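Asker: Work the whole structure out from these sequences, hints included.
Here is what each chain is made of, one letter per residue.
Protein chains: 2
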Amino acid sequence: MPEQPLLKPMEWRYCDCFWADKKDPQGKGTMVGFKLLLQKQLKGKQMQKAMSELVRERIKIEEEHAKNLAKLSQNLLAAQEEGSLGEAWAQVKKSLADEAEVHLKFSAKLHSEVEKSLMNFCENFKKDMKKCDHHIADLRKQLASCYASVEKARKALTEQQRDLEMKTQQLEIKLSKKTEEDIKKAQRKSTQAGDDLMRCVDLYNQAQSEWFDEMVTTTLELERLEVERVEMIRQHLCQYTQLQHKTHMFNQSTVGL
Amino acid sequence: MPEQPLLKPMEWRYCDCFWADKKDPQGKGTMVGFKLLLQKQLKGKQMQKAMSELVRERIKIEEEHAKNLAKLSQNLLAAQEEGSLGEAWAQVKKSLADEAEVHLKFSAKLHSEVEKSLMNFCENFKKDMKKCDHHIADLRKQLASCYASVEKARKALTEQQRDLEMKTQQLEIKLSKKTEEDIKKAQRKSTQAGDDLMRCVDLYNQAQSEWFDEMVTTTLELERLEVERVEMIRQHLCQYTQLQHKTHMFNQSTVGL
Chain A
1 MPEQPLLKPM
11 EWRYCDCFWA
21 DKKDPQGKGT
31 MVGFKLLLQK
41 QLKGKQMQKA
51 MSELVRERIK
61 IEEEHAKNLA
71 KLSQNLLAAQ
81 EEGSLGEAWA
91 QVKKSLADEA
101 EVHLKFSAKL
111 HSEVEKSLMN
121 FCENFKKDMK
131 KCDHHIADLR
141 KQLASCYASV
151 EKARKALTEQ
161 QRDLEMKTQQ
171 LEIKLSKKTE
181 EDIKKAQRKS
191 TQAGDDLMRC
201 VDLYNQAQSE
211 WFDEMVTTTL
221 ELERLEVERV
231 EMIRQHLCQY
241 TQLQHKTHMF
251 NQSTVGL
Chain B
1 MPEQPLLKPM
11 EWRYCDCFWA
21 DKKDPQGKGT
31 MVGFKLLLQK
41 QLKGKQMQKA
51 MSELVRERIK
61 IEEEHAKNLA
71 KLSQNLLAAQ
81 EEGSLGEAWA
91 QVKKSLADEA
101 EVHLKFSAKL
111 HSEVEKSLMN
121 FCENFKKDMK
131 KCDHHIADLR
141 KQLASCYASV
151 EKARKALTEQ
161 QRDLEMKTQQ
171 LEIKLSKKTE
181 EDIKKAQRKS
191 TQAGDDLMRC
201 VDLYNQAQSE
211 WFDEMVTTTL
221 ELERLEVERV
231 EMIRQHLCQY
241 TQLQHKTHMF
251 NQSTVGL
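Chains A and B, in that order, are what the protein sequence lines are.
Residue numbers 1 to 257, in UniProt numbering, belong to the letters of the first sequence in order.
Residue numbers 1 to 257, in UniProt numbering, belong to the letters of the second sequence in order.
Quick caveat, the hints were computed from the structure, so don't treat them as lab data.
Only pairs whose alpha carbons sit at most 20 Å apart, straight line, appear in this in silico SDA-like list of lysine to any residue: (1) A:Lys40 <-> B:Leu77; (2) B:Lys40 <-> A:Glu87; (3) A:Lys22 <-> A:Asp133; (4) A:Lys109 <-> B:Lys93; (5) B:Lys60 <-> A:Asn68; (6) B:Lys45 <-> A:Leu76; (7) A:Lys67 <-> B:Lys60; (8) B:Lys49 <-> A:Ser84; (9) A:Lys246 <-> B:Lys93; (10) B:Lys93 <-> A:Val230; (11) A:Lys94 <-> B:Thr241; (12) B:Lys109 <-> B:Glu63.
Bear in mind the structure is a predicted one, so any value in this text is a computation, not a measurement.
Answerer: Below, the structure is given as structure tokens:
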């Protein structure tokens with residue numbers, strides 16, 4: 001069988017990469033290429049969930065820091081200091097409260113603008129992937145069954161042709177009414193077997209085309225989802241960085257004696 | 001007695017403010033003005049110690065925050081993310097470590113440049129204040145004792161003068177050798193009492209002058225110490241603020257995707 005031509009020859013695209021089956025790392029059996037792709041997609045979603053968990057941890061750290069700073073700003077140490085020095089000291093404590101506020105706002109924004117979106121780990125994703133998996137597997141089964149039918153029909157045709165040939169040789173040796181009848185019958189059967197094979201090949205081609213179309217459609221869709229995921233995460237990591245940046249900017253502006 | 005003229009009439013200075021005794025808040029007894037000043041000085045040092053304690057608390061909070069950020073940066077969540085997104089994610093974790101480092105440096109500088117200096121709560125200060133207290137109290141006692149001597153000498157002189165007067169009247173009534181002798185003796189005693197009084201007044205003036213000089217010297221010195229304390233604390237609060245500012249600046253520059 002000739003190599004299938006690349007659909008997007010100049011690019012690395014999903015629709016060109018997951019057709020073949022891959023040997024299992026353990027060496028026993030093979031891994032369907034499409035299943036590899038599905039696993040990659042599921043892993044991607046897990047990564048996204050893990051990222052949102054790390055952001056959650058960061059939020060907790062910021063909340064804790066804010067709590068500690070706010071508590072310290074309420075501390076009465078040296079509260080009896082007098083005059084302008086007392087005012088400066090009160091300002092130092094006030095700046096602790098301001099800083100606590102900034103960290104608290106940062107953590108709230110991390111939650112609403114980063115963690116939640118990342119966590120919006122479309123719960124249907126796994127189900128959708130399973131549906132894809134079953135659909136492609138069904139098409140592959142159908143294709144395999146059509147292939148088996150073709151093989152069976154090809155064998156049947158070969159047998160019928162051999163039978164016809166044998167009977168034709170018998171006729172050359174000894175002409176008889178019965179032999180002529182047998183040859184006609186064998187000719188009909190052979191034609192029938194030829195028609196069967198043609199029908200099986202048609203069915204196979206139809207199944208192959210269905211599988212091919214579905215593979216291309218699905219891999220393109222999965223690729224679109226992956227691009228979407230990467231872009232979505234990239235945006236949220238940028239948002240995370242910007243929030244952090246703004247937090248430090250704000251801290252800078254609130255502190256001053 | 002006329003009001004003592006102000007030494008620095010146009011300013012509020014310690015050397016003009018702590019001469020009188022103040023009624024105790026509880027209403028019983030009085031509080032020596034100088035003791036009020038000493039208490040104020042001791043309280044000032046306590047404030048300084050309390051401030052360094054608050055800075056110590058801030059240091060602990062920063063250390064804790066740094067520890068949490070560093071720990072989070074070591075977290076393996078989503079470490080298997082691949083490609084450029086994996087690199088960006090590694091950068092996010094790296095920035096956590098950088099931020100932890102910044103907070104750790106901040107806390108170390110707070111310790112070496114603010115807390116330690118504030119804590120250098122000259123342990124001799126309390127002892128020095130006690131010495132001042134005893135010295136001024138001794139001078140006050142001496143002054144009081146001189147005053148009592150003056151009063152006693154004044155009374156003695158009054159008695160001698162009355163005695164002399166009586167004896168002079170007796171001489172007018174009845175002239176006698178013995179009376180003349182008595183008068184001469186009384187005159188001598190009166191002159192002696194006058195001299196005693198003069199000597200006591202001299203001693204009193206001397207003690208008063210000593211107390212006055214010591215009060216002026218000591219209050220000026222205490223004022224100098226207070227100005228020094230306020231300036232020292234002001235500088236360290238500025239240092240605190242600048243360190244905080246630099247920390248946020250640095251944080252700003254280290255974060256970026």
